[in-house]
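Taking the hints into account, I'd like the entire structure generated from these sequences.
For reference, the chains in residue letters:
There are 2 protein chains.
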Amino acid sequence: MNAHAWTRMLRVEEGFRLDDVDADSTPGYSGGKSQGKKDLAAGLVELNELQERLFAQSRSGIAADSVLLVLQAMDSAGKGGIVRHVVGGVDPQGVALSAFKAPTPEELEHDFLWRVARRLPEPGFIGVFDRSHYEDVLIARVRALAPADEIERRYDAINAFEAEAASSGIRLVKVMLHISPEEQKERLMERLERPDKYWKYNPGDVDERMRWPEYMQAYQTVFERTSTEVAPWHVVPANHKWYARLAVQELLLAALQDIDPQWPAADFDIEAEKKRLAAT
Amino acid sequence: MNAHAWTRMLRVEEGFRLDDVDADSTPGYSGGKSQGKKDLAAGLVELNELQERLFAQSRSGIAADSVLLVLQAMDSAGKGGIVRHVVGGVDPQGVALSAFKAPTPEELEHDFLWRVARRLPEPGFIGVFDRSHYEDVLIARVRALAPADEIERRYDAINAFEAEAASSGIRLVKVMLHISPEEQKERLMERLERPDKYWKYNPGDVDERMRWPEYMQAYQTVFERTSTEVAPWHVVPANHKWYARLAVQELLLAALQDIDPQWPAADFDIEAEKKRLAAT
Numbered sequence: 546m547n548a549h550a551w552t553r554m555l556r557v558e559e560g561f562r563l564d565d566v567d568a569d570s571t572p573g574y575s576g577g578k579s580q581g582k583k584d585l586a587a588g589l590v591e592l593n594e595l596q597e598r599l600f601a602q603s604r605s606g607i608a609a610d611s612v613l614l615v616l617q618a619m620d621s622a623g624k625g626g627i628v629r630h631v632v633g634g635v636d637p638q639g640v641a642l643s644a645f646k647a648p649t650p651e652e653l654e655h656d657f658l659w660r661v662a663r664r665l666p667e668p669g670f671i672g673v674f675d676r677s678h679y680e681d682v683l684i685a686r687v688r689a690l691a692p693a694d695e696i697e698r699r700y701d702a703i704n705a706f707e708a709e710a711a712s713s714g715i716r717l718v719k720v721m722l723h724i725s726p727e728e729q730k731e732r733l734m735e736r737l738e739r740p741d742k743y744w745k746y747n748p749g750d751v752d753e754r755m756r757w758p759e760y761m762q763a764y765q766t767v768f769e770r771t772s773t774e775v776a777p778w779h780v781v782p783a784n785h786k787w788y789a790r791l792a793v794q795e796l797l798l799a800a801l802q803d804i805d806p807q808w809p810a811a812d813f814d815i816e817a818e819k820k821r822l823a824a825t
Numbered sequence: 546m547n548a549h550a551w552t553r554m555l556r557v558e559e560g561f562r563l564d565d566v567d568a569d570s571t572p573g574y575s576g577g578k579s580q581g582k583k584d585l586a587a588g589l590v591e592l593n594e595l596q597e598r599l600f601a602q603s604r605s606g607i608a609a610d611s612v613l614l615v616l617q618a619m620d621s622a623g624k625g626g627i628v629r630h631v632v633g634g635v636d637p638q639g640v641a642l643s644a645f646k647a648p649t650p651e652e653l654e655h656d657f658l659w660r661v662a663r664r665l666p667e668p669g670f671i672g673v674f675d676r677s678h679y680e681d682v683l684i685a686r687v688r689a690l691a692p693a694d695e696i697e698r699r700y701d702a703i704n705a706f707e708a709e710a711a712s713s714g715i716r717l718v719k720v721m722l723h724i725s726p727e728e729q730k731e732r733l734m735e736r737l738e739r740p741d742k743y744w745k746y747n748p749g750d751v752d753e754r755m756r757w758p759e760y761m762q763a764y765q766t767v768f769e770r771t772s773t774e775v776a777p778w779h780v781v782p783a784n785h786k787w788y789a790r791l792a793v794q795e796l797l798l799a800a801l802q803d804i805d806p807q808w809p810a811a812d813f814d815i816e817a818e819k820k821r822l823a824a825t
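Going down the list, the protein sequences come from chains A and B.
Number 765 in this note's numbering belongs to position 220 of the first sequence; there are no gaps in the numbering.
Number 693 in this note's numbering belongs to position 148 of the second sequence; there are no gaps in the numbering.
Don't take each hint at face value.
Because identical chains share one entry, a pair is satisfied inside a single copy or across any pair of copies.
[Claimed, not checked] Distance condition first, Cα-Cα at most 25 angstroms in a straight line; then the derived PhoX-like pairs of lysine-lysine: (1) Lys786 to Lys646; (2) Lys819 to Lys730; (3) Lys730 to Lys820; (4) Lys742 to Lys786; (5) Lys742 to Lys730; (6) Lys745 to Lys820; (7) Lys730 to Lys578; (8) Lys786 to Lys819; (9) Lys820 to Lys742; (10) Lys742 to Lys819; (11) Lys745 to Lys819; (12) Lys730 to Lys646; (13) Lys786 to Lys578; (14) Lys745 to Lys646; (15) Lys745 to Lys786; (16) Lys646 to Lys742; (17) Lys786 to Lys583.
Think of the hints as simulated: they come from the structure by calculation, not from any bench.
This is the structure in structure tokens:
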């Protein structure tokens, strides 16, 4: 069992510049695509064992910890593939997936953190946010959906919210999947060329694409303001889907290893129960 | 693509007797364990394609249909394995899993159907109920958790509720996994012998086990009263896990084929979008 240490290279530290990240790169991993797929399959076995131990704790009422994977990205960067091929390998009983769309009227009546707070994972679960409260400082900023001082307030609110979540036992794994604009163009074009992909295409995707530099600036600010000790960001180069999936799996493994969940001890008299059962 | 017709043999029809079902049998399937595992893997490919089409409809706002798998069984019959190995093979984005435990105080303040009604799948989704409103006429009957006339009322209430759900586009796939008491004894004993299985054992399981004949009678009544044209029951012999998984997969495939979801047409001008995208 390795220490999954190579994903430390993806962590946003002081002085990080999104502009400097090559979306084609595969930092920390020299294995290549074919080896990467093998390592993904091997990692899944470990992920499943750790997840089952964590889930067992919840069923035994002794779980204190959980994991929350927060996924952010430009359109077509591969969030769906992460959900399908990384999270999808885990027992669905232990996963709580939340896909956040544009807020509903009810959600807009509350503070922007209201809808995400309700979806924080319970102890023993792996939660996944497909988009998140970060939309409220990304598209909200680029599209001026809220006043500038409100956007400004939100960074601190997010940090306080995440610090509280972390202190309650949630391991936050915040990931931005980073593709290049050229790669996005290819992926969107493919959606326009295949009838089984039309449903994934939205004309609005091109509108957002035209604001690429503004989005990158908004992400840069997010990283500067909200990559904290208890809830650091990771930027995962995602032009190579196999690499992005492997990297996110590694980040999940590292979070679970940090929890190090153990099989719960029996809270009953094993020998007495064997006798009771044998007598039936 | 075969018609998945063999699962019709599992359907509860007029005159059905649970006592007559051999939990060791594999009705309609002569392939054996090793072929069964191959067929399960092959079926998963088909299940994924159908599920993705259904989900695509929901994302395009044109979905009218959904599937709801209702799983009932005695302890250790393999509900968890169905969730893990059949449902777990499908993209988690399109699955809505609800595990119903003993009702909370809040739930008990409402009608017994309140908590399940809120978890009916939205159009485009595959919903799974791990236990369900049927607990309210199973354990509730065996343990006299409600007055006899209330239990009696519930069968009709369930039929009305399910008929309404079906008319709204939900394909109900109701499954009882049927194991023999001898098989249950072995499985419970294994949980007492393996430290990584203790968490799955509950002394209450033996208490319920001692009421086996009463439970079988309660199930028989459920089948007689609630196996309807729009929401029939299926009893799946489940001493062989591979067979039960294959059978439930087939039932899901049949429900999805009945919906026959098509890829949504583009609701935008494809050529115009190609030009817009190319210009960016």
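Exercise. Between the shortest in-copy and the shortest cross-copy C-alpha distance, which are at most 25 angstroms for Lys786 and Lys583: within, between, both, or neither?
Worked result: Within one copy only: 14 angstroms inside, 28 angstroms across.
Exercise. When no copy is specified for Lys730 and Lys646, does a C-alpha distance of 25 angstroms or less occur within a copy, between copies, both, or neither?
Worked result: Close inside one copy (22 angstroms), not across copies (47 angstroms); limit 25 angstroms.
For this session: Check Lys730 against Lys578 for me: Cα-Cα at most 25 angstroms, and say if that holds within a copy, between copies, both or neither.
Result: Close inside one copy (22 angstroms), not across copies (47 angstroms); limit 25 angstroms.
Problem set entry | Up to 25 angstroms CA-CA - Lys786 versus Lys745, copy category | Within. Shortest intra-copy distance 17 angstroms satisfies the 25 angstroms Cα cut-off; inter-copy 37 angstroms does not.
For this session: If the cutoff is 25 angstroms on CA atoms, where do Lys730 and Lys820 land: within, between, both or neither? Let me know, please.
Result: Answer is between; shortest inter-copy Cα gap is 12 angstroms, intra-copy 66 angstroms.
For this session: Measure nothing new, just compare the shortest in-copy and cross-copy C-alpha distances for Lys646 and Lys742 to 25 angstroms and report within, between, both or neither.
Result: within (20 angstroms within a copy, 39 angstroms between copies)
Exercise. With identical chains treated as interchangeable, where does the CA-CA distance between Lys742 and Lys730 reach 25 angstroms or less: within a copy, between copies, both, or neither?
Worked result: Intra 14 angstroms, inter 49 angstroms, cutoff 25 angstroms: intra-copy only.
Exercise. Is it within a copy, between copies, both, or neither that the alpha carbon of Lys820 lies no farther than 25 angstroms from that of Lys742?
Worked result: between (59 angstroms within a copy, 17 angstroms between copies)
Exercise. Between the shortest in-copy and the shortest cross-copy C-alpha distance, which are at most 25 angstroms for Lys745 and Lys820: within, between, both, or neither?
Worked result: Between copies, since 18 angstroms is at most 25 angstroms while 58 angstroms is not.
Problem set entry | 25 angstroms Cα threshold - placement of Lys730 relative to Lys819 | Cα proximity of Lys819 and Lys730: across copies only (10 angstroms, versus 63 angstroms in one copy).
Exercise. Between the shortest in-copy and the shortest cross-copy C-alpha distance, which are at most 25 angstroms for Lys786 and Lys819: within, between, both, or neither?
Worked result: between (50 angstroms within a copy, 24 angstroms between copies)
Exercise. Checking Lys742 and Lys786: alpha-carbon separation at most 25 angstroms within a copy, between copies, both or neither?
Worked result: within (17 angstroms within a copy, 36 angstroms between copies)
Every hint, counting from the list given before, is met by this structure.
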